[in-house]
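**Q** Next come the chains, spelled out residue by residue.
2 protein chains.
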Amino acid sequence: MLNIPALEKLVHELSRLPGVGPKTAQRLAYHILQSREEYTDRLSDALHRVRAEVHTCPRCFNYTDSDLCRYCEDEKRSNETLCVVEEPSDIMRIESSGAFRGRYHVLHGAISPLEGVGPQDLRIRELLERVDKGLHGEGPCIKEIILALDADLEGDTTILYLTKQLAGKNVKLTRIAHGVPIGSDIDFIDDRTMGRALENRVEL
Amino acid sequence: MLNIPALEKLVHELSRLPGVGPKTAQRLAYHILQSREEYTDRLSDALHRVRAEVHTCPRCFNYTDSDLCRYCEDEKRSNETLCVVEEPSDIMRIESSGAFRGRYHVLHGAISPLEGVGPQDLRIRELLERVDKGLHGEGPCIKEIILALDADLEGDTTILYLTKQLAGKNVKLTRIAHGVPIGSDIDFIDDRTMGRALENRVEL
Numbered sequence: 502m503l504n505i506p507a508l509e510k511l512v513h514e515l516s517r518l519p520g521v522g523p524k525t526a527q528r529l530a531y532h533i534l535q536s537r538e539e540y541t542d543r544l545s546d547a548l549h550r551v552r553a554e555v556h557t558c559p560r561c562f563n564y565t566d567s568d569l570c571r572y573c574e575d576e577k578r579s580n581e582t583l584c585v586v587e588e589p590s591d592i593m594r595i596e597s598s599g600a601f602r603g604r605y606h607v608l609h610g611a612i613s614p615l616e617g618v619g620p621q622d623l624r625i626r627e628l629l630e631r632v633d634k635g636l637h638g639e640g641p642c643i644k645e646i647i648l649a650l651d652a653d654l655e656g657d658t659t660i661l662y663l664t665k666q667l668a669g670k671n672v673k674l675t676r677i678a679h680g681v682p683i684g685s686d687i688d689f690i691d692d693r694t695m696g697r698a699l700e701n702r703v704e705l
Numbered sequence: 502m503l504n505i506p507a508l509e510k511l512v513h514e515l516s517r518l519p520g521v522g523p524k525t526a527q528r529l530a531y532h533i534l535q536s537r538e539e540y541t542d543r544l545s546d547a548l549h550r551v552r553a554e555v556h557t558c559p560r561c562f563n564y565t566d567s568d569l570c571r572y573c574e575d576e577k578r579s580n581e582t583l584c585v586v587e588e589p590s591d592i593m594r595i596e597s598s599g600a601f602r603g604r605y606h607v608l609h610g611a612i613s614p615l616e617g618v619g620p621q622d623l624r625i626r627e628l629l630e631r632v633d634k635g636l637h638g639e640g641p642c643i644k645e646i647i648l649a650l651d652a653d654l655e656g657d658t659t660i661l662y663l664t665k666q667l668a669g670k671n672v673k674l675t676r677i678a679h680g681v682p683i684g685s686d687i688d689f690i691d692d693r694t695m696g697r698a699l700e701n702r703v704e705l
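The listed protein sequences derive, respectively, from chains A and B. Per the working numbering, numbering of the first sequence is gapless, rising by one per residue and ending at 705. Per the working numbering, numbering of the second sequence is gapless, rising by one per residue and ending at 705.
What you were told as hints is all true, and nothing was included just to trick you.
In this list, chains with the same sequence are indistinguishable; a pair is considered to hold if it fits within one copy or across any two.
Okay, derived cross-link-like pairs now, EDC-like style, lysine to aspartate or glutamate, Cα gap no bigger than 20 Å in a straight line:
#, residue 1, residue 2
1, K524, E588
2, K510, D542
3, K665, D651
4, K524, D651
5, K524, E587
6, K510, D566
7, K665, E630
8, K510, E554
9, K524, D591
10, K524, E596
11, K510, D546
12, K670, E581
13, K510, E538
14, K577, E596
15, K665, D633
16, K670, E627
17, K665, E587
Calculated from the structure, these hints are not laboratory results.
Model the full structure from these sequences, guided by the hints.
**A** Rendered as structure tokens:
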């Protein structure tokens, strides 16, 4: 459509980013063309650098640029509670709440038969190994695992699978609460959330 | 916040793109990290290639990768009408309507005193030169200039300026019509658009 192969290629590559459709990709490509030449160099350097320097932490699979990630390295955090999340970006949401001071484990996805993602594609084996090592005294003993997975079908499937795998391992298994978000109007809450909020009501 | 300088740099560079805030930039950066290694290489190649190959057409200032752009090169297009647009991307909108078969001229912006953009920052001098060359028989004679600029303050200011500059040059000056968009419900049209639609009503 643009009849300029180099521009079309850039639009094509940009449109592979999440939330970027062909129209947005075109707008971004035109912006890049209009910007100063240094910008393309800086963006392209940033892409190379992130690839070269950032890798997953061998213990929790969060992203890091050193041997272990900052949460695994931090001596002040409790080894007794482990929070399991789907993506590294979820850790930041939990950290900024300030309500958790334990360790993390990133699965890098959730079980989704529809998308062909099975337990073997996630960091579930490594999670079970971490728990087993604690049980055999080869690592820190984990007393509670908090599942902070997305409140969707994939998250629920993964929770079901993990519950089965962790049964009988003498670890307390919990999941984060679902309910009415703080500050929101009850009028606008959907039925399922309201159902869950009533079901999991807390005694005052 | 991320505590990984390479990742922070990528987020910073991505957040300079239009419509990409810090949150979106972070999501894009995480996606890039999760994608296969080839993707960063391909995106970075595309950035370099677009810089190396794409430049503005010396006649109309549209983007091109050859000497003249495809609209200036096309022998079948009329030299008598010239459509003036703000950005190269506007050309595609006009082309896909199929209602124009003349030549283009890209101003690369609009006059905006608030943002410090004056007539000297745009391709206005080059537009006047094209018109003058036609008048002196040194180039194709332009009979009509259609101003297809944005329907905002900057567009209006630019139209006012161009009208003054082109006065007495024996060129018919028009602007694209403003009115109710096709297929839209009259209930949802704002007052100014409706005012313009009534003012510029067409006899049946």
